[in-house]
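Trainee: Hints in hand, dock the two standalone chains.
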Amino acid sequence: MSPQFVDFDADGRLDIVAGIFDGSPHLVRGTEKGWGAPEQILDRDGQRIVFNKFWNFDTKKWDETKRCDPDGHTPSQGGLLTSAVAFDVDGDGDLDLVCGDHYTGAVLARINEGTAKAPRFAAKNTVVHAAGKPIDVPGTVATVRLVDWNGDGLQDLVCGGMGDPYGTSTGGGVFLFPNVGTKAKAEFGAMVTLLEASAKGMATATRPDVGLHPDFADVDGDGDLDMVVGGYSLWSPPTPVLTAAQEQRVKELKAELDKASARLQTFYRSLDEQVKGLAEEAADAKRSELLTAKKDDLQAWSKQRQELQKELDPMIPGQKRESFVWLYENRAAAGKPATPR
Amino acid sequence: MRLPVLSMLVCAASAAAQSPDFAPPVRLMAGDKFLGGGRMYPSPVWHDLNGDGVLDVVVGDLPGRLTVAYGARGAATTYGPDEKVLGADGKQVDLHNW
Numbered sequence: 001m002s003p004q005f006v007d008f009d010a011d012g013r014l015d016i017v018a019g020i021f022d023g024s025p026h027l028v029r030g031t032e033k034g035w036g037a038p039e040q041i042l043d044r045d046g047q048r049i050v051f052n053k054f055w056n057f058d059t060k061k062w063d064e065t066k067r068c069d070p071d072g073h074t075p076s077q078g079g080l081l082t083s084a085v086a087f088d089v090d091g092d093g094d095l096d097l098v099c100g101d102h103y104t105g106a107v108l109a110r111i112n113e114g115t116a117k118a119p120r121f122a123a124k125n126t127v128v129h130a131a132g133k134p135i136d137v138p139g140t141v142a143t144v145r146l147v148d149w150n151g152d153g154l155q156d157l158v159c160g161g162m163g164d165p166y167g168t169s170t171g172g173g174v175f176l177f178p179n180v181g182t183k184a185k186a187e188f189g190a191m192v193t194l195l196e197a198s199a200k201g202m203a204t205a206t207r208p209d210v211g212l213h214p215d216f217a218d219v220d221g222d223g224d225l226d227m228v229v230g231g232y233s234l235w236s237p238p239t240p241v242l243t244a245a246q247e248q249r250v251k252e253l254k255a256e257l258d259k260a261s262a263r264l265q266t267f268y269r270s271l272d273e274q275v276k277g278l279a280e281e282a283a284d285a286k287r288s289e290l291l292t293a294k295k296d297d298l299q300a301w302s303k304q305r306q307e308l309q310k311e312l313d314p315m316i317p318g319q320k321r322e323s324f325v326w327l328y329e330n331r332a333a334a335g336k337p338a339t340p341r
Numbered sequence: 342m343r344l345p346v347l348s349m350l351v352c353a354a355s356a357a358a359q360s361p362d363f364a365p366p367v368r369l370m371a372g373d374k375f376l377g378g379g380r381m382y383p384s385p386v387w388h389d390l391n392g393d394g395v396l397d398v399v400v401g402d403l404p405g406r407l408t409v410a411y412g413a414r415g416a417a418t419t420y421g422p423d424e425k426v427l428g429a430d431g432k433q434v435d436l437h438n439w
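If you read the sequences in order, they're chains D and B.
Position 4 (the first sequence) corresponds to 4 in our numbering; numbering is contiguous.
Position 75 (the second sequence) corresponds to 416 in our numbering; numbering is contiguous.
Read the hints as simulated data drawn from the structure, not as lab findings.
Check before you lean on any hint, since a few could be wrong.
As the list claims (entries may be wrong) - Straight line, CA to CA, 30 Å or less: simulated DSSO-like cross-link-like pairs of lysine-lysine:
no.	chain 1	residue 1	chain 2	residue 2
1	D	K33	B	K425
2	D	K303	B	K374
3	B	K432	B	K374
4	B	K425	D	K295
5	B	K374	D	K117
Bound-form chain B, shown alone (with noise of 0.2 Å):
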């Protein structure tokens, strides 16, 4: 859990970014399940969990849950099925509320 290079890269290639002009959305796919399926209130950010310098997505939802949904090496927003993301303990780590 270093801190990753690849945040470097982003910093990169928003000096580049202007323009909100986006191409019409796709649900993105973790291995053959819509990502954020059946998840309340998913909230996904990418990141490089795994170092492999791939960008991976990180998804929390609101019972406080957080899984991983890794990024495969050269097929840009290709991504594994979804994980648990796992505390030191061995355990899903687990922001829970109440």
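Same shape as in the complex, but just chain D (with noise of 0.2 Å):
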């Protein structure tokens, strides 16, 4: 979501931004009395802001849209808005939201046709070129940022990139999208590489390897700009040499996690069957039913599988996928080379 604080409406109070993962973009108003209650950012007709797909909150699904579809541009999937940033695109002197695919590498941008105090956003996006060709954030995009990287006065656009979340391909990347442009119109310039997308297959955790969220300061003072980094590691540890004992008991365990999943699959088949040819909301309503009488017993079990996998964990390290914020200290002053590879 990466929430952007600036000020949304030129009232002098910072706002929160963020692109979720409802498809749409929202805003925190800052008040007098602290942070507001969230809310859709709206178009000019009163419509949602979306690419695509977005979770209908009236049917409770998830659903596809093209009514927003730039025009002439036909996406090659659909698109999923789950980051947004406020920021004058076209130098009118009041900010446009700029937002980020989720499915494709895509930027796509909603114009304030209104003032910024009064925001009345197009019904349609438009496509953001860097280098004359529209945005391609390898790996997918999972979040946009801006940062004035180069300390030209200008702010650049910065994509955090998703990369295979569960797989072993190829991992997420930084990347930096400089403004080449103007303050009267932004114009980014060919993509910088700030962070190498993750080749993943690491022992330890290393680095975020995907879902990169990046954000900019200058956090040790030393005039250059450090980046902070939030996502997911993945590595595999080395599997130790197990004695004979442990080996036995690596059997034992595997078996009683089988019996465990077993269990629970019977579970669902069941509450499937139950609630098989009835219609939509009576279907919930068993369904919720069953799962509140069986709430204690699924805890039971949920506890009983996750001590079997913590003995076993040691002895047969599996995959680890794991959330931290990492810290990148930008050694640019310490004599470094100071042009982006």
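Mentor: Now the structure itself:
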């Protein structure tokens, strides 16, 4: 989601803008009393701002639309807006929205046709280009950020890449699109890699590998911008040599885990059978009733599985996937090369 | 929540920033726990939330919840325990999804 602290409505107070996983940008207004209730940022017609896919709060299902597709542009697949920053793309003195696509590498803008104090967003998205081509972030877009990376007074665009979130394919990186335009009109140049996409395959947690969410500040006060990156690290610890007793225990634990999994599968199959043929609302109610009735057992089964896995883990360590926030200290001030790669 | 002076300092700092030559990354701590640990797709943002002149780390996540680890004065990149960011209603700021 990458919250952006920005004065969205030019009232002199910071607000929070964020694209979230329902497929729309949201706003938390700063008020005299503190942060207000989150609200959706709507377009000039009162419609939700989306790419293609979005969570439909009325039907409580994922939905899809083409009503916001940029003129003359057909997305190769349905896009999902999950990140947004407010930024004056067209230099007219008000904040537009620049949004990233979770499903592709596209970055699309929603132009503010109103004013800084009274935003009115266009009904359609606009393709954001870099070096004359539509932006295509490697590994799809996890988030979009703004930073004046090269100190020229213009806000540059930075995108964190998603990468393959679970498998062994390439992970995410961090990519800069320098603003080579003017204060009157942003124009983005060719992509610069700030952090290579992860190749994964390490034996320990060494870096954020997937779902990279960067931000920048000079936190150590040495005159250059450091980077913080949130995301998942994936690693595979080496398997230790086991004693005969440990090997026996591994067999027992695996058998117990299989039994526990089978019990859960049986329960959920039975649950599906019992709601089969019911209308959607009745099925939801029946499913909820059955889950509530079995709540204590489900919790106990879950706890048992966790304990079994905890004992098995040091002997058969599987792939690890944990979330962290990583600090990348910029060494530019230590006399390192000053030219982006 | 008036616009902080710190944002101007960050802009000034950026004037000297050019290179992506980063030191090997280290995991940030929030108190005695890993910052972002256990969160779905943690998205950190440096921001002086309490206006004390020290950058804090505000962390969002996929479920839409905001937390903050307050920065320690005089100790760069040292942060206190992760806390909920509260709204005017006293509840956690939560841009919940569905």
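Trainee: Taking the hints in turn, state whether each one holds.
Mentor: Hint by hint, here is what the structure shows:
For the hint linking K33/D to K425/B, the alpha-carbon distance of about 17 Å falls within 30 Å, and the restraint holds. Restraint check: the Cα-Cα separation between K303/D and K374/B comes to about 23 Å, which is no more than 30 Å; the hinted pair holds. Restraint check for K432/B and K374/B: the C-alpha separation of about 23 Å stays at or below 30 Å, so the hint holds. Between K425/B and K295/D, the direct Cα distance comes to roughly 28 Å. Compliance with the 30 Å bound is thereby established for this hinted pair.
Among the hinted pairs, K374/B with K117/D is inconsistent with the structure: their alpha-carbon atoms are about 41 Å apart, more than 30 Å.
The structure fails hint 5 only (numbered hints given earlier).
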